[in-house]
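Respectively, the protein sequence lines represent chains D and Z. The numbers in this note's numbering rise by one with no breaks, and the one at position 24 of the first sequence is 24. The numbers in this note's numbering rise by one with no breaks, and the one at position 228 of the second sequence is 228.
FYI, nobody ran anything at the bench for these hints, they're computed from the structure. Here the structure is a predicted model, which is why all the values come from computation and not from measurement. Hints are supplied without guarantee of correctness; some may be wrong.
DEER-style ranges, computed between Cβ atoms [stated by the list, open to error]:
| no. | chain 1 | residue 1 | chain 2 | residue 2 | range |
| --- | --- | --- | --- | --- | --- |
| 1 | D | Arg310 | Z | Leu244 | 47 to 53 Å |
| 2 | D | Glu241 | Z | Glu86 | 30 to 36 Å |
| 3 | D | Pro93 | Z | Leu244 | 55 to 61 Å |
| 4 | D | Pro93 | Z | Leu193 | 30 to 36 Å |
| 5 | D | Gly113 | Z | Pro27 | 20 to 26 Å |
| 6 | Z | Pro27 | D | Lys307 | 56 to 62 Å |
The beta-carbon is built from N, C-alpha and C at its ideal position, and this holds for glycine as well.
Spelled out, the chains give:
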Amino acid sequence: MTATNGIEVAGVVREFKNGPRAVDGIDLEVAPGEIYGFLGPNGAGKSTTVLMLTTLLPPTAGSARVAGHDIVRDGAAVRALIGAALQEAALDPLLTGRDHMRLQTTLQGLPKGRRRARGDELLERLGLADAADRKVGGYSGGMKRRLDVALALVHYPRVLFLDEPTTGLDPSSRSDLWNEVARLARDEGVTVFLTTQYLEEADVLADRVGIIDHGRIVAEGTPERLKAEIGRPSVEAIPAERSERDAIAAVLARFGAPVAASPGAAAVRLENGEDLVAVVRALDAERVRVADLQLHQPSLDDVFLAKTGRKLEADEEAAASEPAEAAA
Amino acid sequence: MSLAEQGAEMARRSILQTLRQPAMVIPPIAFPLVLMAVNVGGLQSATRLPGFPTDNYLNFAIAFPFIQGALFASINAGSSLARDVETGFMRRLALTPMQRAALLMGNLAGVMTVALCSSVIYLVVGFAAGLRFEAGVGGVLVLLALGLLIALAFASLGALIGLRTGSGEAVQGVFPVFFVLVFLSSNALPRELIEQDWFRAIATVNPVSYLFEGLRSLVIFGWDGEALALGFGVALAIALPAVLGASAALNTRLVRT
Numbered sequence: 001m002t003a004t005n006g007i008e009v010a011g012v013v014r015e016f017k018n019g020p021r022a023v024d025g026i027d028l029e030v031a032p033g034e035i036y037g038f039l040g041p042n043g044a045g046k047s048t049t050v051l052m053l054t055t056l057l058p059p060t061a062g063s064a065r066v067a068g069h070d071i072v073r074d075g076a077a078v079r080a081l082i083g084a085a086l087q088e089a090a091l092d093p094l095l096t097g098r099d100h101m102r103l104q105t106t107l108q109g110l111p112k113g114r115r116r117a118r119g120d121e122l123l124e125r126l127g128l129a130d131a132a133d134r135k136v137g138g139y140s141g142g143m144k145r146r147l148d149v150a151l152a153l154v155h156y157p158r159v160l161f162l163d164e165p166t167t168g169l170d171p172s173s174r175s176d177l178w179n180e181v182a183r184l185a186r187d188e189g190v191t192v193f194l195t196t197q198y199l200e201e202a203d204v205l206a207d208r209v210g211i212i213d214h215g216r217i218v219a220e221g222t223p224e225r226l227k228a229e230i231g232r233p234s235v236e237a238i239p240a241e242r243s244e245r246d247a248i249a250a251v252l253a254r255f256g257a258p259v260a261a262s263p264g265a266a267a268v269r270l271e272n273g274e275d276l277v278a279v280v281r282a283l284d285a286e287r288v289r290v291a292d293l294q295l296h297q298p299s300l301d302d303v304f305l306a307k308t309g310r311k312l313e314a315d316e317e318a319a320a321s322e323p324a325e326a327a328a
Numbered sequence: 001m002s003l004a005e006q007g008a009e010m011a012r013r014s015i016l017q018t019l020r021q022p023a024m025v026i027p028p029i030a031f032p033l034v035l036m037a038v039n040v041g042g043l044q045s046a047t048r049l050p051g052f053p054t055d056n057y058l059n060f061a062i063a064f065p066f067i068q069g070a071l072f073a074s075i076n077a078g079s080s081l082a083r084d085v086e087t088g089f090m091r092r093l094a095l096t097p098m099q100r101a102a103l104l105m106g107n108l109a110g111v112m113t114v115a116l117c118s119s120v121i122y123l124v125v126g127f128a129a130g131l132r133f134e135a136g137v138g139g140v141l142v143l144l145a146l147g148l149l150i151a152l153a154f155a156s157l158g159a160l161i162g163l164r165t166g167s168g169e170a171v172q173g174v175f176p177v178f179f180v181l182v183f184l185s186s187n188a189l190p191r192e193l194i195e196q197d198w199f200r201a202i203a204t205v206n207p208v209s210y211l212f213e214g215l216r217s218l219v220i221f222g223w224d225g226e227a228l229a230l231g232f233g234v235a236l237a238i239a240l241p242a243v244l245g246a247s248a249a250l251n252t253r254l255v256r257t
């Protein structure tokens, strides 16, 4: 790789004792200034990949270069050029936000005269200035995540690793963090490697997406290209009466193959040439009453389903139903 | 950035952690003083035993808070490092250019600073209550030095356990073991005046006895080379392997390429 702010991974494997291969030979490239979304269910190998790329876990096989340096032979140089907010916001509950900044700016070797200003600048930018002198133990989940990201940025990293940065956050905190990540890539040219199990996050934020399952990358490309590979939209009908669900499913089956639908509803992936108007006419002709009829464009979940035979949404919903952040 | 600067920042963090937890500040100061007061009140008559080295039990008992304070230092050091493992803070540190030694050095320095402050309070209370110090001002400084070395020894043991287990509960669980060692020592009576043979035998092989005797020798006898050599020697014999063990455990915890 000629550009020095990117990521290049070739055949990286990580095996744990008496366990399966957590990462099973992945190859990927992330261009400088790009936001790369690494999407997969729990246990797919996302965090293990991040730990290896951030030099905290040596790979069993393969090689990788981050910001132009080999992650095994030149770990210190890699660490000097990267920032990372790992899966759990690793903060000391007894320290204040400002204490964290002071510690991080010192350990990262910023000149003495710059430390306070850099800490204040980041606390302000991440919306934590008012809470800077409060102990982190009293922060909400969103505040902790933002502080975690701020700490990862103190030494002006060229590559930023964010491991599931918005898990457990409310929609507002999630949106704030997305805006900051997008700004970093757009305005400062920071390369972002973002793992997530939220389809929407990858769709909204990532320039390119890699989908990992069982330690292997099963699909990679821009969200638009991946969805275009699936091509055809699906149509979902919710019956007015539950008893009419089978009748509706029978009508829809004329237009394509069944796909997963909401509880009590029926859905099919439309075959080429079929459209919603034809579906409405067929339902009307059969005199079945429909409460709602929706046309879904292909989503990344459809991509995941097509590549793995499973839906990612189930994992996502389980994660989303975990306790949301507490109030500050 | 120098190791000293990194260590100083980590020490500052350790001191802040302690000061922001009243449960980590008040018990290490109050409990040893209360126990000492109880012993002095209840065991003053022991000074009438033939061969008891002083006529004021306070002079004998002043060593107790130093040892008990050192036990609290072990809990503070171990709990703090275990929490860093549990919360993932250790990984954050691993991603910085921090030298591994700075973490341990800073943690122990912070704990020992708190131990030094506690020691001064023990002495101030002791002098206010009538403590006589045979070794003079120099002896007070040597007592503080030995007290700090003992605190370092126990804090390093706590750090070793905290880093090896990564569990605050495990660190807390070791406290009763240390406490038993304290009570099966010459903490309340000189070894030669312990009547029960088994107790005297245990107290004689228990290294904690020599820590007590080294500390109190300065108060009661002045400059007793043998007692001081044993006190400093035993404290070093605990501290050195504990520091080395904690360093090795830290290397395992702070893995990076």
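How the hints compare with the structure:
no., hint, verdict
1, D:Arg310 with Z:Leu244: 47 to 53 Å, "holds (50 Å)"
2, D:Glu241 with Z:Glu86: 30 to 36 Å, "violated (54 Å)"
3, D:Pro93 with Z:Leu244: 55 to 61 Å, "violated (30 Å)"
4, D:Pro93 with Z:Leu193: 30 to 36 Å, "violated (48 Å)"
5, D:Gly113 with Z:Pro27: 20 to 26 Å, "violated (40 Å)"
6, Z:Pro27 with D:Lys307: 56 to 62 Å, "holds (58 Å)"
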